[in-house]
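Visitor: In the order they appear, the protein sequences are chains A and B. Residues 1 to 799, numbered by the working numbering, are exactly what the first sequence covers, in order. Residues 1 to 177, numbered by the working numbering, are exactly what the second sequence covers, in order.
Hints may be right or wrong, so weigh each one.
Quick list of in silico lysine-lysine cross-link-like pairs, DSS-like style, CA-CA up to 30 Å [claimed, not checked]:
| hint | chain 1 | residue 1 | chain 2 | residue 2 |
| --- | --- | --- | --- | --- |
| 1 | B | 85 | A | 737 |
| 2 | A | 122 | A | 224 |
| 3 | A | 440 | A | 453 |
| 4 | A | 759 | B | 7 |
| 5 | B | 111 | A | 90 |
| 6 | B | 167 | A | 408 |
| 7 | B | 7 | A | 425 |
| 8 | A | 453 | A | 408 |
| 9 | B | 167 | A | 414 |
| 10 | A | 330 | A | 408 |
| 11 | B | 85 | A | 414 |
The set of hints was computed from the structure by calculation and includes no laboratory data.
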Amino acid sequence: MKEGPFNARLKSLRTPNLSLSDLEISIGRVKRPEEVAEGEEPMGPTPMPGIKDLRYWDEILLRRYKPFYSPICDMCCFCVFGKCDLTGNKKGVCGMDIRAQQGRWSLLTAVTGLSTHFSHAKELVEWLIETKGPDVPIDMGEKTPVEAPITRVVTGIVPKKISDFEPVLDYIGREIGDLVASIHIGQESDPLDFESKVLHAGMLDALSMEIADIAQICALDFPKGEIEPPLVEFGVGTVDINKPVILCIGHNVAPGSEILNYLEEKGLTDSVEVCALCCTAHDMSRYRSKVAKIVGPISKQKKFVRSGFADVVVIDEQCIYTDLQEEARKVKAAVIVTSPKAMRGFPDRTNAPTDEIVKELLDGAPGVLIFDPEKVAEVAVRVAMELAPRRQKYKGLPDVEKIVSLAKYCKHCKACERACPNSLKISDAMYAAADGDLSKLAELEDKCFGCGKCETECSRNIPILSMIVKAAERQLKEERSKIRAGRGPITDYEMRMVADTWGSGIVPGCIALVGCANYPGSEREVFEIAKEFLERGYIVVATGCAAMAIARYKDEDGKTLYEKHHGIFDAGGMLNVGSCVSNAHIIAAGIRLAVVFARRIMRGNFAEIADYWLSRTGACGIVWGAMSQKAYSIATACNRFGIPVILGPHGSKYRRLYLGRREEPTPVYNVKTGKRRDEVLMPEHLLYVAESKEEAIVTAIKLCMRYNDFTEGRRSKIRHYVDAYFKFFGRMPEDLKYLVRSEDDIPSEMREVVLEELKREGWEPRKLPQQELVDVSTLEKEKLWTFEAMRRGLRWFTV
Amino acid sequence: MISEAYKTGNVPGPLTAVVVDGRTAGEIINAAKNPLFVVGSMLVTEEAGGRRLSEYAIEIAKRLSARGCVTITTANAISVFKDVKDVNTKIMGLVEVVDRLQDPNWGANDKPHDLVVFLGIHYWMASQGLATLKHFAPHLRTLTLCFMHHPNADWSFPNMSREDWGKALEEVVQTLR
Ligand code: SF4
Ligand code: SF4
Ligand code: SF4
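Start from the sequences and build out the full structure, keeping to the hints where you can.
Guide: If you want it as structure tokens, here you go:
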């Protein structure tokens, strides 16, 4: 153990809010393991790592999974030396080439996502400290004694109260500064060093998400890992439009929760309808599951607002169409914006008297900006109650007759189709509509992202999106189902129950359906992917837009997957973990497994924990509708923790993947002896793009395989892989020779066909004792800090 | 001749594809020593000129197989080759094959390729794959046979109707040796 890094790190820990004893850091440097009190978990080698400290881990990842670049632009216009053409092997004036430029874009994208979660977390923590005090205990319930696994792993801090997150936020803020500085012209130039920083940004993103979600769970009393959280009403059809309707949109629960409080205080809960879109909806329903209704994901923003159902639209932050306030004004709804990050040109009325603001909005002001969530609540409720009778559900959509005449006006130039992210067949739908058949327009609804881009391209100003929404009006009104409220953490208790089967591969994997709603086809595909894995006995966890897409559809028995399946983190469980920031709990699940199953040290021990994820823990993220910078940083967070992720086709426009090559063996080490040997790369990729739902399913099954699968576990994974191949493609996979280690890995019912295929492929069984096969790490022995600490005679209690 | 990209926003840079018709496309394939045919998910869903797209893909793949060339099926495209004989196919993800094609020595049939032909791949995935090859595989030429114009290819059809697409694909098939 070197002395140096500790001293360097100390500097970065000096902040006005820092309580050294809380951080378990002694003056001058971080405690060395031998100095930690007996029984206390020793600190690992990298508490609060800087941008250079985990480069060794990133090198391991990036040697295995090389960055695969797909430039979406051959130019660089980043500084006024340029604009530079970087096509092929040309360089820019500054010396930058196209590969490094993709690395820089990758970093820019990841840092944008990270900063968004960081800023969200910071705003939440500050607001909660202000309103609830700094001493709100970090208590995740008795079943979850490890309260903040990512915070422990990355920083070494064990937070006891909400204000303990302040030094962690200070740390993230400083790191963001270093990351952004690396983007400047004439700084970083090596693609791999860019990618190491990207991975650093991802890790900090996971930390930011964890802080945000734990803070709101503890301070607002959200569900704490409940296996049966309450069912929440979901869908456009659940909104009672006969009442005044307040619609909240975005990701920050502060204004929405205050609206719910205000209604309770005034006894108006039954008089006003409160519904929400996107992650704000998840979080409001975690706060008051019986009151707040979830309309849907981002794809419903314009559709719902245009329908004219909402009297007041409250906008907070992230992933909200930047012209949504214009849409609201068109249907004469009042707009309140609430975030310093999205002020949208409105006057700041935070300090104005409430009566005045209410009057302004009722008199038709285009919108107001109010930073104080309590004031937002009072204004929203009062305006909604007064405005609703006046608006009488202003109709923003054309009627059927109008649709037919508009469709007749279409010249079938297909400019709309070319502009549509999914090239939806609008022209065909217009032909049918012109003949009075609106069914084709209606069919487009669940494939339509609701962006309105088609309309901006139509030279005849045909309101295509409005026509789709009107045509689908009936199905939208009938859209009524149930979703489990976001449950928050996977508990340590559940982990104890599942550790043996998940850790050995007998539970073949955990599939995380996360991210935005930019699906390549119907939203239904997410439901179908979830259903496929549930029926195969995988654990399915979901967050954000994806969790909502799953709730939208019902199976043959008329039930949503949330109603059909149990909510335990175990085989066949269907869990809504919560909003985007709840993704942290999915990453944390693997940390819990490393502690429960293998008693690995958590605190400040990033690389070892990530190696555990990578080499032992069967899981795969699927971001089928990837769209945002946050989705990229979340995927990158998973990647630095060793979790593979599959993106939908639009993800190819992120410009960078991490791909492995199965035919190139990579070094692995025996965790006990440190002996090195070469092995088939497993999992095969770290960040992959699939083109179809079927490809995503078979690839996810494969990416859940791990070096350390026990025989029974690998057998089960092979069974699913072969079975899914036959189901979707009608044939054997061609890469079994890389996946089957010995004949024992082959399920008995398919033994003959698999062996025949293996023979054709020239397969040879690995000649290794069983134990050798399942004690594998991608880290060299001395980097496995748990073993190193034990060798040094340290003993500690694991929670 | 150049064409506007199918996705109007897809303006990558100064180097853009040359527009070709079906016959020229067929001749380009004929002239290549070891063309690689890569087909994608649209084979399952699309029609061209009143026929299933997969029918054209299978005909092209058969002719290429007769020359010892390979067809890579990406995504779920393999499902349309299920009962087809005399076709040499391999299954790979699109990004997996594009990744390997950056290596001038790699070949799906163990011989290096000089031409890659795309058909029926999701527009943006194809576009991004072609961008990778444009920048990082200078040893290769790329051709797309989709109805959507791809500026990142060396040669591409212009934007065309499904009817005209069918005719162009028919020309490709007729021209192939
Ligand atoms: S940053 Fe470099 S490559 Fe980009 S415009 Fe400036 S000089 Fe050109
Ligand atoms: S852009 Fe307008 S006119 Fe052209 S096909 Fe689309 S709806 Fe019709
Ligand atoms: S609103 Fe729908 S149809 Fe129009 S461009 Fe967006 S996704 Fe396509």
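Visitor: Next step is simple, just say for each hint if it's right about the structure.
Guide: Status of the hints after comparison with the structure:
At roughly 24 Å between alpha-carbon atoms, residue 85 of chain B and residue 737 of chain A fall within 30 Å of each other, so this suggested pair holds. A threshold of 30 Å between alpha carbons decides the hint, and for residue 122 of chain A with residue 224 of chain A the separation of about 21 Å falls inside it, so the pair holds. At roughly 19 Å between alpha-carbon atoms, residue 440 of chain A and residue 453 of chain A fall within 30 Å of each other, so this suggested pair holds. Proposed proximity of residue 759 of chain A and residue 7 of chain B is contradicted: the alpha carbons are some 46 Å apart, above 30 Å.
Restraint check: the Cα-Cα separation between residue 111 of chain B and residue 90 of chain A comes to about 29 Å, which is no more than 30 Å; the hinted pair holds. Taken as a hint, the residue 167 of chain B and residue 408 of chain A pair is honoured in the structure, with Cα atoms around 29 Å apart against an allowance of 30 Å. Restraint check: the Cα-Cα separation between residue 7 of chain B and residue 425 of chain A comes to about 14 Å, which is no more than 30 Å; the hinted pair holds. Restraint check: the Cα-Cα separation between residue 453 of chain A and residue 408 of chain A comes to about 21 Å, which is no more than 30 Å; the hinted pair holds.
For the hint linking residue 167 of chain B to residue 414 of chain A, the alpha-carbon distance of about 20 Å falls within 30 Å, and the restraint holds. Of the supplied pair hints, the one linking residue 330 of chain A and residue 408 of chain A holds, its CA atoms being roughly 25 Å apart against a limit of 30 Å. With a C-alpha separation of about 38 Å, the suggested pairing of residue 85 of chain B with residue 414 of chain A is violated against the 30 Å cut-off.
Checked against the numbered hints above, the structure violates hints 4 and 11; every other hint is satisfied.
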